[in-house]
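J.: For reference, the chains in residue letters:
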Amino acid sequence: NAGVMQNPRHLVRRRGQEARLRCSPMKGHSHVYWYRQLPEEGLKFMVYLQKENIIDESGMPKERFSAEFPKEGPSILRIQQVVRGDSAAYFCASSPRRGDNTEAFFGQGTRLTVV
Amino acid sequence: SQQGEEDPQALSIQEGENATMNCSYKTSINNLQWYRQNSGRGLVHLILIRSNEREKHSGRLRVTLDTSKKSSSLLITASRAADTASYFCATKDGNNRLAFGKGNQVVVIP
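Going down the list, the protein sequences come from chains B and X. When we follow the working numbering, the leftmost residue of the first sequence carries the number 10, and every step to the right adds one. When we follow the working numbering, the leftmost residue of the second sequence carries the number 9, and every step to the right adds one.
Where hints are given, some of them may not hold.
[To be verified] Covered stretches of chain B (chain X as the covering partner; in silico rule of three or more C-beta atoms under 8 Å from a C-beta of chain X):
1. 53–64
2. 81–88
3. 113–119
[Claimed, not checked] Think about it this way: if two alpha-carbon atoms lie no more than 25 Å apart in a straight line, the pair counts; the simulated BS3-like pairs of lysine-lysine are:
4. X/K77 with X/K110
5. X/K64 with X/K34
6. X/K78 with B/K53
7. X/K64 with X/K78
8. X/K34 with B/K53
9. X/K34 with X/K110
10. B/K71 with X/K77
11. X/K34 with X/K77
12. X/K64 with B/K80
13. B/K53 with B/K71
14. B/K71 with B/K36
15. B/K71 with B/K60
16. X/K78 with X/K110
17. B/K36 with X/K110
18. X/K64 with X/K77
Simulated from the structure, these hints should not be mistaken for lab results. Keep in mind the model is a prediction, meaning the values are calculated, not measured. All residues carry an ideal CB built from backbone N, CA and C; glycine is no exception.
Isolated chain X (complex conformation) (with noise of 0.2 Å):
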C-alpha cells in the first residue's frame, strides 16, 4: 500500500500565485521526500527533509514536515507555467524503501 497520500488531488492556478499541496504518512520515516514529474516523462527529485527537520527552502519551494501530524506540506511560491506537473511525496522506512504517495495534478494558467 502507498505511504503517503497527497491532498488535495488536482489543483489549477493563476501563473504567479502560490501552490501548496500536502501529504500525510502512516509509519514512521526517516525522511519524506518531494518529486515532481511531468506528462509522460520520469520523476524528477525537488527536495528532502529529515525526519529531525520542520522546514526547509529550496528556490520557489518550501517544505514543512510535522512528524506529530505524520504530514508534509509543499508550497510553490510565483508559480509559473513550467510547474505545471504531478508532484509527489514519497517516505523512506527503516527498511531503505521508498513508498511514494498517489500524487498531485498541478496546472499554472499563463
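The following block holds chain B by itself, in its conformation from the complex (with noise of 0.2 Å):
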C-alpha cells in the first residue's frame, strides 16, 4: 500500500494561472479530506469528499476553489486564477470509512508558490 499521493510536490503558478492538486487516497479509502496550512501556522479544513460527493466545504472559499473525487482516479483540488495568498502547502488526507475512531492517512502535501 503506497499511502496517500500527492503531485506535484511542487508548484509555482504566476498569478492568473489555474492550479490543479491531485491526490491519490490509500487503496480502498473511500473518504478524503482537504486542508491548508500557511507557514508557521496550523491546517485549516478546507473540504470533506466521499466518492463522488462533496460531503462538507464549508472551509472552502467562496470563489476560486473547487473540489471534486470522482468514482475513478484522484481527487483533484482546482484553483482558479491564482494570486499571492493562495501560497501555501496544502495537504490531503484520506479515511476507509466515516467512522468516528478511524484515523485520517496525511500525504506528504502539494506547495503552491504563487509568483
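Since each chain comes alone in its own frame, lean on the hints to assemble the complex.
T.: Right under this line is the structure:
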C-alpha cells in the first residue's frame, strides 16, 4: 500500500493561472480531506469528500476554489486565477470509512507558490 | 475556526527530558488525535484517544483526555533528537470533520 500520494510536490504558478492539485487516497479509502497550511500555522480544513460527493465544503473559499473526487481517479483540488495569498502547503488525507474512531492518513503535501 | 489550541506553542528541551504539551477544544468530540509533522513533511498520526477514554499509552507517548475540561495533554518521555517536530492535536466532531490546532514546536537538543 503506497500510502496517500499527492502530486505534484511543488507547484509554481503565475498570478491568474490555474493550479490543479491531485490526491490519490490509500487503497480502499473512500473519504478524502483537504487542508491548507500557511507557514508557522496549523492546518485549516477546506473540504471533505466521499466518492463522487462533497460532504462538507465549509472551509472552502467561495470563489476560485473547487474540489472533486470522481468515481475513478484521484481527488482534485482546483484553484482558478491564483493570487499570491494562495501560496501555501496543501495537504490531503484519507480514511477508510466515516467511522468516528478512524485515523486519517496524510500525504506529503503540495507546496504551491504563486509568483 | 480551529477546534483545538495547543499550549505551549514552542518548547525546547534537552535530550532525555520529558516534553508535555496541552490542547484544549470547544465543542463535543468523538475522539481526539495527536499528529506529528517534521519540517516540510506531511503529518504522521501518533495516537487516538476516544471520548470515553481518560488515558492512553503508545511507546514513549502518553495521552490524557479530560472531557469535563475539554482538554488533552501529550507527554513524550525520554525525548530524543528525532522527536524534534511540530505536534498537533485534532478533534473529530459529529460531522466526521477533523479540526486541527495551531501546533506545538518541540526542539530536542542533543
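J.: Hint by hint, note whether the structure agrees.
T.: Tested hints:
| no. | hint | verdict |
| --- | --- | --- |
| 1 | 53–64 | holds (count 4) |
| 2 | 81–88 | violated (count 0) |
| 3 | 113–119 | holds (count 6) |
| 4 | X/K77 with X/K110 | holds, 19 Å |
| 5 | X/K64 with X/K34 | holds, 21 Å |
| 6 | X/K78 with B/K53 | holds, 20 Å |
| 7 | X/K64 with X/K78 | holds, 16 Å |
| 8 | X/K34 with B/K53 | holds, 16 Å |
| 9 | X/K34 with X/K110 | holds, 14 Å |
| 10 | B/K71 with X/K77 | violated, 35 Å |
| 11 | X/K34 with X/K77 | holds, 9 Å |
| 12 | X/K64 with B/K80 | violated, 38 Å |
| 13 | B/K53 with B/K71 | holds, 15 Å |
| 14 | B/K71 with B/K36 | violated, 31 Å |
| 15 | B/K71 with B/K60 | holds, 22 Å |
| 16 | X/K78 with X/K110 | holds, 16 Å |
| 17 | B/K36 with X/K110 | violated, 30 Å |
| 18 | X/K64 with X/K77 | holds, 17 Å |
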